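Trainee: Each chain, letter by letter, is given below.
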Amino acid sequence: MTHRHGPFTLAFCLAMLAAPAAVAAQEARLVGRLPDAQRTQVDAILVAARSAGLPTEPLVDRALEGAAKGAPPDLIVSAVLRLRGELDLARGAFGDTASAAELTAGASALRAGATPVDLARLRQLRPGQPLTVPAGVLADLASAGVPMAAGLDAVLAIAEDAADADYVAFRRNVERDIALGASPVAAVGVRLRAVSDALASTGGDRSVPRKRKP
Amino acid sequence: MERLIETLKEPVQLSPDFDARVLAAVERVAEDAHRTRSVTSIAGWLRGRTIRLSPLGASGLAAAIVAAVLIGSSIVDREAAPAPPRPAAAGDQVQMTQFVLVAPEARSVAVVGDFNDWNLSATPLVREAGDGMWWITLPLSPGRYRYAFVVDGTTWQSDPDAPAAEDEFGRPSSVVSIGGA
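Protein sequence lines correspond, in order, to chains A and B.
Each position in the first sequence, counted from 1, maps to that position plus 128 in my numbering.
Each position in the second sequence, counted from 1, maps to that position plus 3 in my numbering.
For the record, the hints were derived by calculation from the structure and aren't laboratory data.
Every value quoted in this text rests on a predicted model; they were computed, and no experiment measured them.
Cβ coordinates follow ideal geometry from the N, Cα and C atoms, glycine included.
Treat the hints loosely; a few may be bogus.
To be verified - Covered stretches of chain A, as calculated for chain B (at least 3 residues, CB under 8 Å): (1) 196–209; (2) 221–235; (3) 248–261; (4) 267–274; (5) 296–310.
What the hints assert, rightly or not - To give an idea of the chain A side of the interface with chain B (calculated C-beta under 7 Å), a few residues: (6) Arg157; (7) Asp189; (8) Leu192; (9) Glu193; (10) Arg239; (11) Gly264; (12) Asp292.
What the hints assert, rightly or not - Residues of chain B clear of chain A, computed beta-carbon distances all greater than 10 Å: (13) Gln101; (14) Val103; (15) Val105; (16) Pro107; (17) Ala109; (18) Val129; (19) Ala132; (20) Pro142; (21) Gln160.
Start from the sequences and build out the full structure, keeping to the hints where you can.
Mentor: Here it is, written out as structure tokens:
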């Protein structure tokens, strides 16, 4: 037994099937927060990032941040596009198995002046350990006024032995010293000695600060 | 089959602009088709034809339509709903993270950031009784989050006790790193 259906029934069915797919291609959280033109551009960046295997959540977050701050929509698109490039570079340095959090922190470090080679060195020194906090601290030190070379030396020097908490304490101490008037380079040097000594005392000779290879 | 018909009869809650979105999607489909084949030729192909479907085929088609409508409506509903603080995924090493701002003159303080979709109304801070301290504690999964305080709904302020985030949008932000990933 068969039933006859007119061509418009078929057209309606096809349209109903196509509609959700079109809506699903959009990032729902951006609807109403960006003008349609720029939202379409951001959606295109997200699609490209997704197909390249990059995390899209940091990109959506950046767009939402710009929208919440009332930034010009074109500036938001530029910021998202720039971050997408940094995430790509960070993945190249950290490897394909890097988490979204690691890539986000790596992107911050790159923005602060680190190079992909620097990040790859960090990955090499901390095999199998999370990199979110060390890479983030590298970016944080730079934003506190520490020259990238000095901050990088410090972060790499303790990379093999320091736990995330060690990095956080190190960064807080350096920032406090700077706020109290110390020079950023001096603060990093003094605090690096302290954390290195602490690591050595708890882990034998595991932590020997290493100089950055040229 | 009867159950399917009853399901189809049930009203679906759609946002006011859903019709416009569907029509726009249909127009896009039509435009795409026009690139490879003229609309008139498609209409000509359809004209005078009938499509034969078995009961099983008709049921499958109807089920696909129901699924399409439900999926579409759920997406639209998500667009309209305010974003709550983003929940941590199962298995994440969640860390309770306290956000504090001393603002004695403030009438309200909220924290906005990567963890709540930068939603100004999602995460208000609590004022400590008899003091100018505002605070909230949030469970955060490992990651690096940009955030800021918004005082009295209008004034953006970075966290004086946290590293500054690079500012691309002309308003200050801070950053917090949660270890474990």
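Trainee: All hints, please: hold or fail.
Mentor: Hints, verified against the model:
Residues of the segment 196–209 of chain A with a Cβ under 8 Å from some Cβ of chain B number 7, which satisfies the need for three, so the listed coverage holds. Counting residues of the segment 221–235 of chain A whose CB falls under 8 Å from any CB of chain B gives 6; the rule of at least 3 is met. Only residues whose C-beta sits within less than 8 Å of a C-beta in chain B count toward coverage, and the segment 248–261 of chain A has 3 of them, enough to reach three; the restraint holds. Figure legend: the segment 267–274 of chain A, annotated as covered by chain B; annotation consistent (4 residues with Cβ-Cβ distances under 8 Å, at least 3 required).
Here's how the segment 296–310 of chain A fares: 3 of its residues keep a CB closer than 8 Å to some CB of chain B, so the rule of at least three is met and the hint holds. The interface hint given for A:Arg157 is met, as the beta carbon of that residue sits about 6 Å from the closest beta carbon of chain B, less than 7 Å. Annotation: interface hint on A:Asp189 holds; nearest CB of chain B at approximately 4 Å, less than 7 Å. Of the supplied interface hints, the one on A:Leu192 holds, with its beta-carbon coming within about 4 Å of a beta-carbon of chain B, less than 7 Å.
Residue-level restraint check for A:Glu193 holds (minimum Cβ-Cβ distance to chain B is 5 Å; threshold 7 Å). Residue-level restraint check for A:Arg239 holds (minimum Cβ-Cβ distance to chain B is 6 Å; threshold 7 Å). The beta carbon of A:Gly264 is positioned within 7 Å of a beta carbon in chain B (closest approach about 4 Å), and the interface hint is therefore held. Interface hint status for A:Asp292: upheld, as the beta-carbon distance to the closest one in chain B is roughly 3 Å, under 7 Å.
Once the 10 Å rule is applied to beta carbons, B:Gln101 is consistent with being away from chain A; the minimum gap is 14 Å. Its beta-carbon lying about 15 Å from the closest one in chain A, B:Val103 satisfies the requirement of being farther than 10 Å from that chain. Listed as a non-interface residue, B:Val105 keeps its Cβ farther than 10 Å from every Cβ of chain A; the least gap is roughly 16 Å. Look at B:Pro107: its CB is around 22 Å from the nearest CB on chain A, clear of 10 Å, so calling it non-interface holds up.
With a minimum CB-CB distance of about 19 Å to chain A, B:Ala109 clears the 10 Å threshold, and the non-interface call stands. The non-interface label for B:Val129 is consistent with chain A: the shortest C-beta to C-beta separation is roughly 21 Å, beyond 10 Å. With a least beta-carbon separation of about 29 Å from chain A, B:Ala132 lies farther than 10 Å from that chain, consistent with its non-interface assignment. Residue-level check passed: B:Pro142 sits 15 Å from the nearest beta carbon of chain A, beyond 10 Å.
Taking the minimum C-beta to C-beta distance to chain A, about 12 Å, the non-interface status of B:Gln160 holds against the 10 Å cut.
Comparing the model with each earlier hint shows no violations; every hint is respected.
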